[in-house]
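Protein sequence lines, in the order shown, are assigned to chains A and B. With UniProt numbering applied, the first sequence covers 1 to 218. With UniProt numbering applied, the second sequence covers 1 to 218.
Hints may contain errors.
No copy is singled out in the list; a pair is fine if it fits within one copy or between any two copies.
Straight line, CA to CA, 25 Å or less: simulated SDA-like cross-link-like pairs of lysine to any residue [stated by the list, open to error]:
(1) K185 <-> E9
(2) K47 <-> A174
(3) K47 <-> L176
(4) K185 <-> T14
(5) K57 <-> M5
(6) K47 <-> S4
(7) K185 <-> T46
(8) K185 <-> L143
(9) K57 <-> L170
(10) K57 <-> A11
(11) K57 <-> D128
(12) K185 <-> F52
(13) K47 <-> G141
(14) K57 <-> A140
(15) K185 <-> E139
(16) K57 <-> E121
(17) K185 <-> E17
(18) K57 <-> L143
(19) K47 <-> P194
(20) K47 <-> L143
(21) K47 <-> M129
(22) K185 <-> Q151
(23) K185 <-> G44
(24) K185 <-> G81
If you're looking for bench data, these hints aren't it; they were derived computationally from the structure.
Protein chains: 2
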Amino acid sequence: MGRSMARQERAVRTRQEVLRAAAEVFDRRGFAAATMSEILSVAGLTKGAVYFHFASKEELAHAVIAEQSTWAEQVDWSAPGFQAVIDVSVAYARALLDDPFIRATVRLVIEHGAFEAPDVEPWRVFIDMARQLLQRAEEAGDLLPGLDLDQAAAVVTASFTGIQLTSQVLAGRADLLERITAWWKLLLPGLVTPERLLTLDPGGSSRVAARTAARPAS
Amino acid sequence: MGRSMARQERAVRTRQEVLRAAAEVFDRRGFAAATMSEILSVAGLTKGAVYFHFASKEELAHAVIAEQSTWAEQVDWSAPGFQAVIDVSVAYARALLDDPFIRATVRLVIEHGAFEAPDVEPWRVFIDMARQLLQRAEEAGDLLPGLDLDQAAAVVTASFTGIQLTSQVLAGRADLLERITAWWKLLLPGLVTPERLLTLDPGGSSRVAARTAARPAS
Numbered sequence: 001m002g003r004s005m006a007r008q009e010r011a012v013r014t015r016q017e018v019l020r021a022a023a024e025v026f027d028r029r030g031f032a033a034a035t036m037s038e039i040l041s042v043a044g045l046t047k048g049a050v051y052f053h054f055a056s057k058e059e060l061a062h063a064v065i066a067e068q069s070t071w072a073e074q075v076d077w078s079a080p081g082f083q084a085v086i087d088v089s090v091a092y093a094r095a096l097l098d099d100p101f102i103r104a105t106v107r108l109v110i111e112h113g114a115f116e117a118p119d120v121e122p123w124r125v126f127i128d129m130a131r132q133l134l135q136r137a138e139e140a141g142d143l144l145p146g147l148d149l150d151q152a153a154a155v156v157t158a159s160f161t162g163i164q165l166t167s168q169v170l171a172g173r174a175d176l177l178e179r180i181t182a183w184w185k186l187l188l189p190g191l192v193t194p195e196r197l198l199t200l201d202p203g204g205s206s207r208v209a210a211r212t213a214a215r216p217a218s
Numbered sequence: 001m002g003r004s005m006a007r008q009e010r011a012v013r014t015r016q017e018v019l020r021a022a023a024e025v026f027d028r029r030g031f032a033a034a035t036m037s038e039i040l041s042v043a044g045l046t047k048g049a050v051y052f053h054f055a056s057k058e059e060l061a062h063a064v065i066a067e068q069s070t071w072a073e074q075v076d077w078s079a080p081g082f083q084a085v086i087d088v089s090v091a092y093a094r095a096l097l098d099d100p101f102i103r104a105t106v107r108l109v110i111e112h113g114a115f116e117a118p119d120v121e122p123w124r125v126f127i128d129m130a131r132q133l134l135q136r137a138e139e140a141g142d143l144l145p146g147l148d149l150d151q152a153a154a155v156v157t158a159s160f161t162g163i164q165l166t167s168q169v170l171a172g173r174a175d176l177l178e179r180i181t182a183w184w185k186l187l188l189p190g191l192v193t194p195e196r197l198l199t200l201d202p203g204g205s206s207r208v209a210a211r212t213a214a215r216p217a218s
């Protein structure tokens, strides 16, 4: 029993080490150019140890992407009404800056997911999260009357994707938080009531500003 | 002289054939997976004919991307004030649906440009175009006072990128024009005066709706 537990813990640890190495390599090289042998080498593990957990590069990519759901579950939704929508976007931007797992996910989802084998699941995670946050904002009386929440969730997540991609290309993400703030300033008047507009912080509330990414930087 | 002219015309034609074949292959496979031999095979040309014009896959990718500037120069800017900003975005969306050159460019710019060898030029072409169109809209009195035109141009082009990418992943671009319209509806109140808002068509004016892509579909 003790031996079996130890073996199980070791297996979980190894799986995490492989995933982290895969995230680093996918972030750096992208799916097409990443190789299992580079991932093995970064993880410092044998072929057998890795293939026990993941039969292929494809499986590894899916496992890295699945970690995004973990991030979404951990994020702080405590700001009131619409401020939580902004705060979650700022928290995700910070995670992009700090966390190779999130960066790898974004690269895999955009490159491989968009062009090679469209997998809508990771996009749905974010659209659903935005939809739920907008629903809460509506219940708080923050939204303009008659807003279509599905359309708004789709526009918010899609625009965020474009903002972060543009910041990556033009500035290596150095201006990501400024771009997010500028984007919210322009988009908010089409989403929230004029009264609520005056009280929202488009740069994220002090709550999120003071927090670091949910996953520690590596 | 006549012989030299004929040779020159043939060279121009061959170059265009190679570019079109490259656009098709880059659109289908992406930069990493595209091969010169597949491009040769699609073009139906010999290795010598292709390498005379383009020494490498990299050179071909840059030449395909350069065609985007051609598109930008041909587009109809004749709608009044802010309507031209919307109309150009709709015209580009239509070009994405109809034209493998534009699709290949977007794939190359996002995949290769964003992740492998950031090349800001193709992004700048669009940001500059948006900036000029916004300037015209400001001169027409359409914009909210105090708007930062550089920030607005950056947000508009980045958001468009995200909208079209999301439509591609979630719907194979089948809902692209609907998504563009929904996006403008939400973004316009942060950009234009309330009076002008009432007269703008967020789906594109009849001018652009009646036009097809600048480059004929192939």
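Hints, verified against the model:
1. K185 <-> E9: So K185 and E9 fail the 25 Å test inside a copy (47 Å) and across (52 Å) alike.
2. K47 <-> A174: neither (37 Å within a copy, 43 Å between copies)
3. K47 <-> L176: Neither: 38 Å inside a copy, 44 Å across copies.
4. K185 <-> T14: neither (44 Å within a copy, 49 Å between copies)
5. K57 <-> M5: Intra 28 Å, inter 52 Å, cutoff 25 Å: neither.
6. K47 <-> S4: within (22 Å within a copy, 60 Å between copies)
7. K185 <-> T46: neither (50 Å within a copy, 54 Å between copies)
8. K185 <-> L143: both (15 Å within a copy, 15 Å between copies)
9. K57 <-> L170: between (30 Å within a copy, 23 Å between copies)
10. K57 <-> A11: Within one copy only: 19 Å inside a chain, 43 Å across chains, cut-off 25 Å.
11. K57 <-> D128: Classified as neither: same-chain Cα gap 28 Å, cross-chain 40 Å, threshold 25 Å.
12. K185 <-> F52: neither (49 Å within a copy, 51 Å between copies)
13. K47 <-> G141: neither (56 Å within a copy, 65 Å between copies)
14. K57 <-> A140: neither (45 Å within a copy, 54 Å between copies)
15. K185 <-> E139: This pair counts as both: shortest intra-copy Cα distance 22 Å, inter-copy 22 Å.
16. K57 <-> E121: Within one copy, since 18 Å is at most 25 Å while 33 Å is not.
17. K185 <-> E17: neither (40 Å within a copy, 46 Å between copies)
18. K57 <-> L143: neither (44 Å within a copy, 50 Å between copies)
19. K47 <-> P194: Neither: 59 Å inside a chain and 63 Å across chains, both beyond 25 Å.
20. K47 <-> L143: neither (53 Å within a copy, 60 Å between copies)
21. K47 <-> M129: Classified as neither: same-chain Cα gap 37 Å, cross-chain 51 Å, threshold 25 Å.
22. K185 <-> Q151: both (19 Å within a copy, 10 Å between copies)
23. K185 <-> G44: The answer is neither: 46 Å in one copy and 52 Å across copies each exceed 25 Å.
24. K185 <-> G81: both (17 Å within a copy, 22 Å between copies)
Against the hints set out earlier in the document, violations occur for numbers 1, 2, 3, 4, 5, 7, 11, 12, 13, 14, 17, 18, 19, 20, 21, 23.
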